[in-house]
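K.L.:
Chains as they are written, first to last, in my numbering: chain A, 172 to 490; chain B, 172 to 490.
Just to be clear, a hint being listed does not mean it is correct.
To be verified - Chain B regions said to be covered by chain A (calculated; three or more residues, Cβ under 8 Å):
hint, stretch
1, 198-207
2, 218-229
3, 255-264
4, 292-298
5, 311-325
Source of the hints: derived by calculation from the structure; they are not laboratory data. Note that the Cβ used here is the ideal one computed from N, Cα and C, for glycine as well.
2 protein chains.
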Amino acid sequence: MSLGEFDLIAKYFTRTVTRAALGVGDDCALFATSPGMQLAVSSDMLVEGRHFLPTVPPQRLGHKALAVNLSDLAACGARPMAFTLALALPRVDETLLAGFARGLLALADAHECELIGGDTTQGPFNICITVFGEVPHGQALLRSGAQPGDDLYVSGTLGDARLALEAFRGTVALDGAAFESTRLAMEQPQPRVALGMALRGVATSAIDVSDGLLGDLAHVLRRSNVGAEVWVDALPRSAALHAMPLTWQRECGLAGGDDYELVFTAPPQNAALVTASALSARVEVTRIGSVTAVPGLRLLDRDRQPLTNTFGSFDHFKS
Amino acid sequence: MSLGEFDLIAKYFTRTVTRAALGVGDDCALFATSPGMQLAVSSDMLVEGRHFLPTVPPQRLGHKALAVNLSDLAACGARPMAFTLALALPRVDETLLAGFARGLLALADAHECELIGGDTTQGPFNICITVFGEVPHGQALLRSGAQPGDDLYVSGTLGDARLALEAFRGTVALDGAAFESTRLAMEQPQPRVALGMALRGVATSAIDVSDGLLGDLAHVLRRSNVGAEVWVDALPRSAALHAMPLTWQRECGLAGGDDYELVFTAPPQNAALVTASALSARVEVTRIGSVTAVPGLRLLDRDRQPLTNTFGSFDHFKS
Numbered sequence: 172m173s174l175g176e177f178d179l180i181a182k183y184f185t186r187t188v189t190r191a192a193l194g195v196g197d198d199c200a201l202f203a204t205s206p207g208m209q210l211a212v213s214s215d216m217l218v219e220g221r222h223f224l225p226t227v228p229p230q231r232l233g234h235k236a237l238a239v240n241l242s243d244l245a246a247c248g249a250r251p252m253a254f255t256l257a258l259a260l261p262r263v264d265e266t267l268l269a270g271f272a273r274g275l276l277a278l279a280d281a282h283e284c285e286l287i288g289g290d291t292t293q294g295p296f297n298i299c300i301t302v303f304g305e306v307p308h309g310q311a312l313l314r315s316g317a318q319p320g321d322d323l324y325v326s327g328t329l330g331d332a333r334l335a336l337e338a339f340r341g342t343v344a345l346d347g348a349a350f351e352s353t354r355l356a357m358e359q360p361q362p363r364v365a366l367g368m369a370l371r372g373v374a375t376s377a378i379d380v381s382d383g384l385l386g387d388l389a390h391v392l393r394r395s396n397v398g399a400e401v402w403v404d405a406l407p408r409s410a411a412l413h414a415m416p417l418t419w420q421r422e423c424g425l426a427g428g429d430d431y432e433l434v435f436t437a438p439p440q441n442a443a444l445v446t447a448s449a450l451s452a453r454v455e456v457t458r459i460g461s462v463t464a465v466p467g468l469r470l471l472d473r474d475r476q477p478l479t480n481t482f483g484s485f486d487h488f489k490s
Numbered sequence: 172m173s174l175g176e177f178d179l180i181a182k183y184f185t186r187t188v189t190r191a192a193l194g195v196g197d198d199c200a201l202f203a204t205s206p207g208m209q210l211a212v213s214s215d216m217l218v219e220g221r222h223f224l225p226t227v228p229p230q231r232l233g234h235k236a237l238a239v240n241l242s243d244l245a246a247c248g249a250r251p252m253a254f255t256l257a258l259a260l261p262r263v264d265e266t267l268l269a270g271f272a273r274g275l276l277a278l279a280d281a282h283e284c285e286l287i288g289g290d291t292t293q294g295p296f297n298i299c300i301t302v303f304g305e306v307p308h309g310q311a312l313l314r315s316g317a318q319p320g321d322d323l324y325v326s327g328t329l330g331d332a333r334l335a336l337e338a339f340r341g342t343v344a345l346d347g348a349a350f351e352s353t354r355l356a357m358e359q360p361q362p363r364v365a366l367g368m369a370l371r372g373v374a375t376s377a378i379d380v381s382d383g384l385l386g387d388l389a390h391v392l393r394r395s396n397v398g399a400e401v402w403v404d405a406l407p408r409s410a411a412l413h414a415m416p417l418t419w420q421r422e423c424g425l426a427g428g429d430d431y432e433l434v435f436t437a438p439p440q441n442a443a444l445v446t447a448s449a450l451s452a453r454v455e456v457t458r459i460g461s462v463t464a465v466p467g468l469r470l471l472d473r474d475r476q477p478l479t480n481t482f483g484s485f486d487h488f489k490s
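Given the sequences, and given the hints that come with them, work out the whole structure.
P.N.:
If you want it as structure tokens, here you go:
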């Protein structure tokens with residue numbers, strides 16, 4: 172942290188640190204993992220225009236910046252512990268900072284995840300968060316564990332964030348309620364931390380859906396050396412998305428991106444445990460297909476007839 | 172990591188990971204600290220025009236991006252373990268990426284510090300590194316431990332990075348050799364990792380000099396509730412800086428910034444241990460003053476007469 176006007180930023184983020192032996196203000200933050208635990212680490216960088224729109228309310232932006240990182244911990248089944256925040260801002264904007272800090276710290280408190288350090292500087296708007304969690308040794312949910320015959324599940328609903336983005340782009344018109352609910356999904360996703368932890372020992376693999384179901388599921392299939400069939404019309408959708416034409420429902424659900432739901436696999440004999448995990452985590456879980464020994468991804472319609480995969484995965488880097 | 176053209180970036184940074192149980196490529200990286208060790212974490216964000224000039228060779232930039240983070244570990248006496256890299260680039264520039272990765276990974280190898288994860292995205296050029304080290308429980312060097320009567324030391328030389336910056340700005344003319352040597356100090360600082368580790372149990376406090384000696388020393392004095400006298404003309408300087416007028420020598424040495432040397436305190440009875448630590452770490456260490464019970468910072472000239480402190484601390488945020 173350098174001297175000067177930007178030091179003012181610190182006041183929005185300075186709190187009493189309890190978990191870290193040493194928090195914000197020394198050269199490093201110090202903390203320890205418990206015996207038998209592994210540290211899970213993930214880092215995400217958010218850039219205006221790529222990962223969020225200039226129209227996002229600062230409080231929701233603060234929430235989302237941490238949420239996308241917590242979602243990575245959730246996908247590993249790790250319990251959140253702490254995070255660092257590096258922030259570049261073109262100028263000190265107290266309204267933005269106050270709202271951003273409020274949203275960020277509210278989500279941090281909800282998950283008992285402490286801000287332990289970071290950096291602030293002047294520059295084009297950029298948010299980089301690195302998050303730390305812990306998971307019992309050998310129990311992390313990985314992308315590589317899916318087995319042929321496993322059931323394929325997803326949490327929550329898919330496609331709302333993409334629908335909201337298209338509404339902002341003007342390619343679709345939504346009524347007021349649909350716009351607000353899908354916008355909330357885009358701007359304030361709920362990381363499935365409790366579900367991820369509950370699925371330790373239950374799921375065989377997991378990933379969070381950030382780039383779109385097809386793209387993210389492909390990572391799991393490649394790492395696990397398996398294939399899958401996906402029941403496209405069984406994908407869980409909000410009422411707002413349900414009101415759209417079927418092609419939109421499929422496109423947003425399969426390739427929407429920015430969902431931050433968990434897609435995971437579990438053997439059929441664990442179906443009751445999956446249901447119990449979902450109940451304990453208070454989130455809906457829907458079975459959307461099966462893992463197959465045959466490689467590749469097969470999309471089936473409501474009559475279990477094959478669909479051609481013509482869906483691109485949401486890409487932050489497409490212009 | 173999102174799909175698309177920017178995935179190509181990964182090829183420059185993908186290596187076999189040995190320390191982490193799980194490295195680049197899953198939702199999180201997993202690793203464990205050894206029993207009795209604390210994790211030391213630091214995060215720094217570098218922005219073009221603020222922390223580096225567009226003229227910097229990519230290899231030196233890769234070196235520096237990691238070096239400034241390793242310098243924070245050094246200031247805590249922590250042994251480097253691993254780091255994450257988040258990178259925003261306006262476009263995929265293979266020449267830049269190849270050079271950047273070469274410099275970054277060469278320094279990482281030199282310190283056995285593994286790249287275990289990260290993120291890449293399109294956006295204004297921004298480099299955010301979070302570094303992890305370990306230090307035996309309770310042995311981290313802190314800013315808060317300086318005691319009245321302690322000797323005050325600094326490693327290496329101070330002021331070269333500032334002198335190079337002024338040469339780039341055109342406010343000073345340097346001959347070719349002086350320009351190259353000071354430019355190297357600015358663009359390729361050497362983090363004092365070995366010295367920091369050797370000073371565990373020897374030094375009472377430490378900080379790395381990133382914003383300028385006066386500004387950084389002030390953090391130590393405030394945290395330790397002590398004061399200091401600094402022998403301004405005893406500050407270690409390069410031959411290039413020595414050739415400048417005395418006011419320049421003092422200004423660059425006291426308030427230059429971007430030095431990434433360690434300033435630390437140790438009781439007089441540890442003087443021989445300080446010397447031995449410096450020898451083992453193969454870096455010069457110079458005594459530059461004393462810690463006092465009287466608060467505040469007093470600058471003394473070569474006749475030990477008080478100088479008025481008219482030196483600002485280098486500020487990344489001054490326009």
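K.L.:
Check whether three or more residues of the stretch 311-325 of chain B sit with their beta carbon closer than 8 Å to a beta carbon of chain A.
P.N.:
holds (count 4)
K.L.:
If you count the residues of the stretch 292-298 of chain B with a beta-carbon closer than 8 Å to a beta-carbon of chain A, do you get 3 or more?
P.N.:
Coverage by chain A holds for the stretch 292-298 of chain B (5 residues, Cβ < 8 Å).
K.L.:
Establish whether the coverage given for the stretch 218-229 of chain B by chain A is satisfied; the threshold is a Cβ-Cβ distance below 8 Å, and no fewer than three residues must meet it.
P.N.:
Holds: 5 residues of the stretch 218-229 of chain B have a Cβ under 8 Å from chain A.
K.L.:
Check whether three or more residues of the stretch 198-207 of chain B sit with their beta carbon closer than 8 Å to a beta carbon of chain A.
P.N.:
Coverage by chain A holds here, the residue count being 8 at a Cβ distance below 8 Å.
K.L.:
If you count the residues of the stretch 255-264 of chain B with a beta-carbon closer than 8 Å to a beta-carbon of chain A, do you get 3 or more?
P.N.:
The restraint on the stretch 255-264 of chain B holds, since 5 of its residues have a Cβ under 8 Å from chain A and three suffice.
When the structure is compared with the earlier hints, no violation turns up for any of them.
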